[in-house]
Amino acid sequence: DPFIVLATQNPVEQAGTYPLPEAQIDRFLMRLVIGYPSNKDEEGILRRFMQPTPTPRRVLEPQTIEWLQSLVDRVHVEEELITYVVRLAEYTRQHTHLYLGASPRASLALLQAARARALLAGRAYVIPDDIKTLAESVLAHRLVLTPEAEMEGVQADRIVRESLQKVPHRREAQP
Numbered sequence: 001d002p003f004i005v006l007a008t009q010n011p012v013e014q015a016g017t018y019p020l021p022e023a024q025i026d027r028f029l030m031r032l033v034i035g036y037p038s039n040k041d042e043e044g045i046l047r048r049f050m051q052p053t054p055t056p057r058r059v060l061e062p063q064t065i066e067w068l069q070s071l072v073d074r075v076h077v078e079e080e081l082i083t084y085v086v087r088l089a090e091y092t093r094q095h096t097h098l099y100l101g102a103s104p105r106a107s108l109a110l111l112q113a114a115r116a117r118a119l120l121a122g123r124a125y126v127i128p129d130d131i132k133t134l135a136e137s138v139l140a141h142r143l144v145l146t147p148e149a150e151m152e153g154v155q156a157d158r159i160v161r162e163s164l165q166k167v168p169h170r171r172e173a174q175p
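Residues 1 to 175 (our numbering) make up the sequence shown, in order.
Among the clues, some could well be false.
Label pairs and their calculated CB-CB ranges [unchecked claim]:
no., residue 1, residue 2, range
1, R47, R161, 36 to 46 angstroms
2, A121, R161, 36 to 46 angstroms
3, E162, P104, 14 to 24 angstroms
4, R47, K166, 26 to 36 angstroms
5, N10, V59, 19 to 29 angstroms
6, P19, L60, 16 to 26 angstroms
7, L120, Q63, 46 to 56 angstroms
8, L60, A121, 13 to 23 angstroms
It should be emphasised that the hints constitute simulated quantities derived from the structure, not laboratory data. These numbers were taken from a predicted model, which means no experiment stands behind them. The beta-carbon is built from N, C-alpha and C at its ideal position, and this holds for glycine as well.
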């Protein structure tokens, strides 16, 4: 059966919270920052919690998840885009503000997420925008800033956005 884990993370500044080690963080496909709900949505949350907790209902059968995963595995990726993902990761590994850049696991995660996005868009192939759209969510949480960069207020997501601006997706587009 498919094994999928969703986790929440409290801000490190809260009492009783501790950051995960880099090796564990690298195993999470994405980090999505949701933020606070609107007042209307928060009111809805409060109303739902006033009701008895309903029994969770199955949304997909395990076989359907496995079938969807097999479809993702068939999504084509041009060699040029594989090279692009590697060059984005390499950019982070050489960045002066980073102690640890994107690992090979991060590159694989970005490529797989891009394949899934392509499938959801109804395509059997990845385009550069699939990679660019997901790069921040897939890579930023895996990057470890140097102490100096932290003191300067540098953010990992900014470094990912910088890499997308500076690393062209076509080799011939390089200056």
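Hints, verified against the model:
no.	hint	in the structure
1	R47 to R161: 36 to 46 angstroms	38 angstroms, holds
2	A121 to R161: 36 to 46 angstroms	22 angstroms, violated
3	E162 to P104: 14 to 24 angstroms	21 angstroms, holds
4	R47 to K166: 26 to 36 angstroms	48 angstroms, violated
5	N10 to V59: 19 to 29 angstroms	27 angstroms, holds
6	P19 to L60: 16 to 26 angstroms	33 angstroms, violated
7	L120 to Q63: 46 to 56 angstroms	19 angstroms, violated
8	L60 to A121: 13 to 23 angstroms	19 angstroms, holds
Taken one by one, the earlier hints fail for this structure at numbers 2, 4, 6 and 7, listed in ascending order.
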